[in-house]
Amino acid sequence: MEKFKKLKSIPSYLSLQNIDTDMIIPKQFLKTIKRTGLGKSLFYEMRYDENGKIIEDFILNKDPYDKSRILIAGKNFGCGSSREHAPWALSDFGIKCVISSSFADIFYNNCFKNGILPIKIDEQTVVELSEYSKRKEEIEIDLEKQEVKYGNKISEFEVDLFKKKCLIEGLDDIALSLEKISQIDNFEKKIKANSPWLLKND
Amino acid sequence: MSKTLYDKIWENHLVHQQDDGTCLIYVDRHLVHEVTSPQAFEGLRLQNRKVRRPELTLAVPDHNVPTTDRSKGIDDEESRIQVETLRKNCKEFGVELFDVNDKRQGIVHIIGPEQGFTQPGTVIVCGDSHTATHGAFGSLAFGIGTSEVEHVLATQTLIQKKSKNMRINVNGDLSKGVTAKDVILKIIGTIGTAGGTGYVVEFAGDVIQRLSVEERMTVCNMTIEAGARAGLIAPDEKTFEYLKGKTMSPKGENWKNALEFWKTLYSDKDCKFDKEINIKGQDIEPLVTWGTSPQDVSPITGVVPDPANEKNEDRKMAMERSLEYMGLKANTKISDIKIDKIFIGSCTNGRIEDLRLAADLLKGKKISSNVSAMVVPGSGLVKEQAEKEGIDKIFKDAGFEWREPGCSMCLGMNPDQLKPKERCASTSNRNFEGRQGRGGRTHLVSPGMAIAAAINGRLTDVRKI
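Those sequence lines, one after another, are chains A and B.
FYI, in this note's numbering the residues of the first sequence are 13 to 214.
FYI, in this note's numbering the residues of the second sequence are 5 to 469.
Think of the hints as simulated: they come from the structure by calculation, not from any bench.
Errors might be hidden in some of the hints.
Stated by the list, open to error - A short list of chain A residues far from chain B (calculated; beta carbon distances all over 12 Å):
1) 22
2) 43
3) 62
4) 70
5) 71
6) 73
7) 81
8) 106
9) 140
10) 143
11) 156
12) 158
13) 162
14) 168
15) 169
What the hints assert, rightly or not - Residues on chain B that point at chain A, a partial pick, calculated with CB under 7 Å:
16) 19
17) 89
18) 150
19) 163
20) 197
21) 417
22) 419
Claimed, not checked - Subject to a maximum C-alpha distance of 27 Å in a straight line, what follows is the list of computed DSSO-like cross-link-like pairs (lysine-lysine):
23) 17/A - 165/B
24) 132/A - 168/B
25) 54/B - 192/A
26) 242/B - 255/B
27) 54/B - 175/A
28) 315/B - 333/B
29) 267/B - 212/A
30) 12/B - 204/A
31) 260/B - 242/B
32) 212/A - 242/B
33) 52/A - 255/B
34) 176/A - 255/B
35) 201/A - 79/A
36) 54/B - 201/A
37) 146/A - 175/A
38) 17/A - 161/A
Quick caveat, the model's predicted, so the values are computed rather than measured.
Think of the CB as a built atom: it goes at the ideal place given N, C-alpha and C, for glycine as much as any other residue.
Please construct the entire structure, taking both the sequences and the accompanying hints into account.
Next comes the structure, spelled out in structure tokens:
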């Protein structure tokens, strides 16, 4: 997985609350068997009209926001379905950091598996950042220090330490868990002894 | 120390815990479908990894499959490739598959319980947010992303942190016409779509206890719509009765031992929840959603709310956007809203009891001439049972289409979609913008309310049918 340490970009702001994963990437794009290529369909129904023509005044279609790598959005971002196509689409578009006052659990988790940093920060800071985004000036994310820098201001954010480590070092979850294979083996032995009905064919 | 049901299941599945609280938990049952699994199997292949316990995973195509005659295969090329990819992956990695024309095929959350694959006290996951459905059996069941699907396939475990405990108590009596669907819509309307974020919810109280196992599935199914990844209900005699004799349920000595263990699965009397919510059964009316979020609920006797009365600016804006998308004016009587389409089905309301209830109300009546209506049974076995009982005939005689099982119009990945501005009374779980088709307008309702709308051609109080 790509490592995440620092990120500088002009942020885009989507003022909606409860942006669901159906909005982020509609169903017709879930038929892919790949992880890549979804960026052009990100926020499809907001970015393109019924005839597939670009809607000029949608934020991510406007210069310089079309090159944003940071997205600021209203609360409860990523609610709805578990589709990992949502972070895949964001990442493929170029967005590596989403800032909101709250996220839906599954989406939040899925981000970390794909080198995207979701930043949960207080509502007041989200408002300030959304205002700041109008300046079309870069802001900076420093994951190591857990800071967002905008203008001469710095806001700190919280992040789970293990998730932070995985992101900074680009660690593969599965390889990490496979290091605990003997513990998994032992656990299965315990199931076999105590609740054999759970291990089918055993 | 007294524990909640969630605490007990969590502790039973703890393989390893780091100092920072990050845990590795064991997964007993893994369900897989065609949409969120291809990249996971591909990941295994690229890393030369195997499926650790193929016999603990069960696969089924459901999201993409057409609900019309499919004996000749799937027309849509991408859908066909996805279903074929699932078939190929299951064969290569040794995972059991209920294929498209297998009568056990159906929606992943309907076939699990139907087969006895779902069992109390287990950890069950699936790359689908409605996995919470299985919590109705007293299991910890939640949706995961594709990377986690790959993780489970490779290790039979997941990296997790423990959630907080919430209990939602529904006590009292439900009035006539009020169903499990109304109970869960009421809960979502009360706590909001983010109300459960960070929690595992236990549903309790005498109303919940009186619900049948299938009704409990309807309640747990939509827990994610309140933001909680998992919702569960302590198993009881009804649960055990439901599971007895199912194909994959424990047998003989195993059954006896399992039963003894299952009876220990409840929250201890004096245990503490981080949050408790109380809802009175008699306060629940037949409900319908008016907006584009499942929390936008109104009693059928109510009116479309007016954003002008909303004080919070962001909420006001969201309401205005919803009303514009839904083509509704504030203060319109809900029962004056005309409907074009009726959809009965989905993992929320596609089980045999749902179809029985609907057919009972529909018997001898016709659907309104201005609606088109379809029933999509949740599985091949539900369909077979319904046909045995003559339920298909009641639907067809009334003017409904009787389809093959799958997710269908709940998310419209297959050809079953709404056209722009088409308005649907749907027994599914999400009314998001574009969910059932671009520009489509969804009103979430119970099966009974869907029948009432079908007969009258507008949203209608089921108690008046």
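Status of each hint after checking the structure:
| no. | hint | in the structure |
| --- | --- | --- |
| 1 | 22 | 23 Å, holds |
| 2 | 43 | 4 Å, violated |
| 3 | 62 | 7 Å, violated |
| 4 | 70 | 14 Å, holds |
| 5 | 71 | 15 Å, holds |
| 6 | 73 | 18 Å, holds |
| 7 | 81 | 21 Å, holds |
| 8 | 106 | 20 Å, holds |
| 9 | 140 | 15 Å, holds |
| 10 | 143 | 15 Å, holds |
| 11 | 156 | 17 Å, holds |
| 12 | 158 | 15 Å, holds |
| 13 | 162 | 21 Å, holds |
| 14 | 168 | 19 Å, holds |
| 15 | 169 | 17 Å, holds |
| 16 | 19 | 5 Å, holds |
| 17 | 89 | 5 Å, holds |
| 18 | 150 | 4 Å, holds |
| 19 | 163 | 6 Å, holds |
| 20 | 197 | 6 Å, holds |
| 21 | 417 | 5 Å, holds |
| 22 | 419 | 11 Å, violated |
| 23 | 17/A - 165/B | 23 Å, holds |
| 24 | 132/A - 168/B | 18 Å, holds |
| 25 | 54/B - 192/A | 16 Å, holds |
| 26 | 242/B - 255/B | 18 Å, holds |
| 27 | 54/B - 175/A | 25 Å, holds |
| 28 | 315/B - 333/B | 19 Å, holds |
| 29 | 267/B - 212/A | 21 Å, holds |
| 30 | 12/B - 204/A | 19 Å, holds |
| 31 | 260/B - 242/B | 16 Å, holds |
| 32 | 212/A - 242/B | 24 Å, holds |
| 33 | 52/A - 255/B | 52 Å, violated |
| 34 | 176/A - 255/B | 46 Å, violated |
| 35 | 201/A - 79/A | 52 Å, violated |
| 36 | 54/B - 201/A | 20 Å, holds |
| 37 | 146/A - 175/A | 31 Å, violated |
| 38 | 17/A - 161/A | 14 Å, holds |
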